[in-house]
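S.K.: The residues making up each chain are set out below.
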Amino acid sequence: MLVYLKIYRYNPEAGRNVPSFDTYNIEAEPTDRVLDLLEHIKGEIDGTISFRRSCAHGVCGSDAMRINGRNLLACKALVKDVGNEITVEPILGLPVLKDMIVDMEPFFDSYKSIMPFLVNEDVPADGKERRQSPEQRERFDDTTKCILCAACTTSCPVFWADDQYVGPAAMVNAHRFIFDSRDQAADKRLEILADHGGAFRCRTAFNCTEACPREIHVTQAIAEVKNAITSGGVEY
Amino acid sequence: MAAPSTPLKNTVKGYATYMGREGHYAFLLHRLTGLGVLLFLTIHILDTATVYFYPSLYEHAIELYRATPFMLGEIGLLFAVIYHGVNGLRIAVTDMWMPKRWAIEKQRKAVRLTLVVAILLWTPGALVMLYNLLLHNFGVDLLAMLPFGK
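As they're listed, the protein sequences go chains A and B. In terms of the numbering used here, the first sequence has 103 at position 103, counting the first letter as 1, and numbering is strictly consecutive. In terms of the numbering used here, the second sequence has 127 at position 127, counting the first letter as 1, and numbering is strictly consecutive.
Hints are computed from structural coordinates only; laboratory data are not their basis. Do not take every clue at face value.
Going by beta-carbon spacing under 7 Å, a handful of chain A positions derived as facing chain B [to be verified]:
#1 Y10
#2 P12
#3 R70
#4 G93
#5 V96
#6 L97
#7 P157
#8 A161
#9 T204
#10 F206
#11 N207
#12 T219
#13 A223
#14 E224
Covered, in the sense of this in silico footprint (three residues per stretch, anywhere, with C-beta under 8 Å from a C-beta of chain A), are these stretches of chain B [to be verified]:
#15 12-22
#16 103-115
Below are the DSBU-like pairs computed for lysine-lysine, each with C-alpha atoms no more than 30 Å apart in a straight line [as the list claims (entries may be wrong)]:
#17 B:K109 - A:K145
#18 A:K6 - A:K80
#19 B:K13 - A:K112
#20 B:K13 - A:K76
#21 B:K9 - A:K76
#22 A:K42 - B:K13
#23 A:K42 - A:K76
#24 A:K76 - B:K109
#25 A:K112 - B:K100
#26 A:K112 - A:K145
#27 B:K106 - A:K80
#28 A:K6 - A:K76
#29 A:K80 - B:K109
#30 A:K76 - B:K100
#31 A:K76 - A:K112
#32 A:K188 - A:K112
#33 B:K100 - A:K188
#34 B:K100 - A:K145
#35 A:K145 - B:K106
#36 B:K13 - A:K80
#37 A:K188 - A:K128
#38 B:K9 - A:K112
#39 A:K145 - A:K128
#40 A:K145 - A:K80
Every residue, glycine too, gets a C-beta built ideally from N, C-alpha and C.
Chain A extracted, bound-state conformation (with noise of 0.2 Å):
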């Protein structure tokens, strides 16, 4: 089938300062992905498209992108899922470095705000390793799926308005932890989710939920650290 493809450019380096679009009709078969066509294009008709890829198996999260207005992994998303019309953006909200790739410190920035990482000072009951039942593992099993690749993040309303704001990917993370019977910080990070820019800032668009490639209930996260702040902690 006949694709036809408009993709996004932008590239200071060489000359191109106006964001504008171009367009390329190819010869695809409807099972293709999108990352599939954007290779063919960067390998046989303009090299000088610049896009993230690295697994393209949908694990590794670089190629987040809008595609005809909605954010997808484009390993991800197949041409007869998509439409023989496709447009190509880079994800909302983010500065746009080049091409589809965008810079993605301020949304790392936010994802190390709610400290992503283990908080336990005690040392394990049999010295070796911290047990937990498999009840409280559930508990948190689905924000564990997050592969920080922003698709969620840069589809929320409030992230376009308000770059401050940590966005859903942030607090994804921090429900992870906050969540893990093993963790002794969820205070600290229930405190800094509860201040401005945080989990009150969620207007429950939906977006993120259905923007997310890994079917993470986004929103039903955000919600249960908002039920956290208000009753002062979490049970496990």
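Starting from the known structure of chain A, fit chain B onto it as the hints suggest.
M.R.: Just chain B, lined up with the frame of chain A:
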């Protein structure tokens, strides 16, 4: 150097072009109806204040509100108040007491149900307002035209 952009530009672009699902459009409608109600309340407080300070201006304002565009606007305002309230309840109840209902299929249904409930609640009031508009501004008595009417 990053491409020129501002939070305002991103917001306008996102609101206008992001192809979200039901939740996205519920959010936009919630914002729109909220701003509409806020605008009305501001005007309402200002015009009511004139009763005391400038009664003739108040009379003029009331005269304006009886004009057809304003009366049609009031019918829209009624929908804005009802939708904003019903959707706000959906969000508050789910967020505070039923966070597990923040699941894709449940929320898509809940958003559609919210819209249906808002329209059902709005319809009787809208019909009464429309009846009065036609009667007072155009001399058309809809009730008299019905076979079982006056």
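S.K.: Just pull the numbers of the violated hints for me, sorted ascending.
M.R.: none
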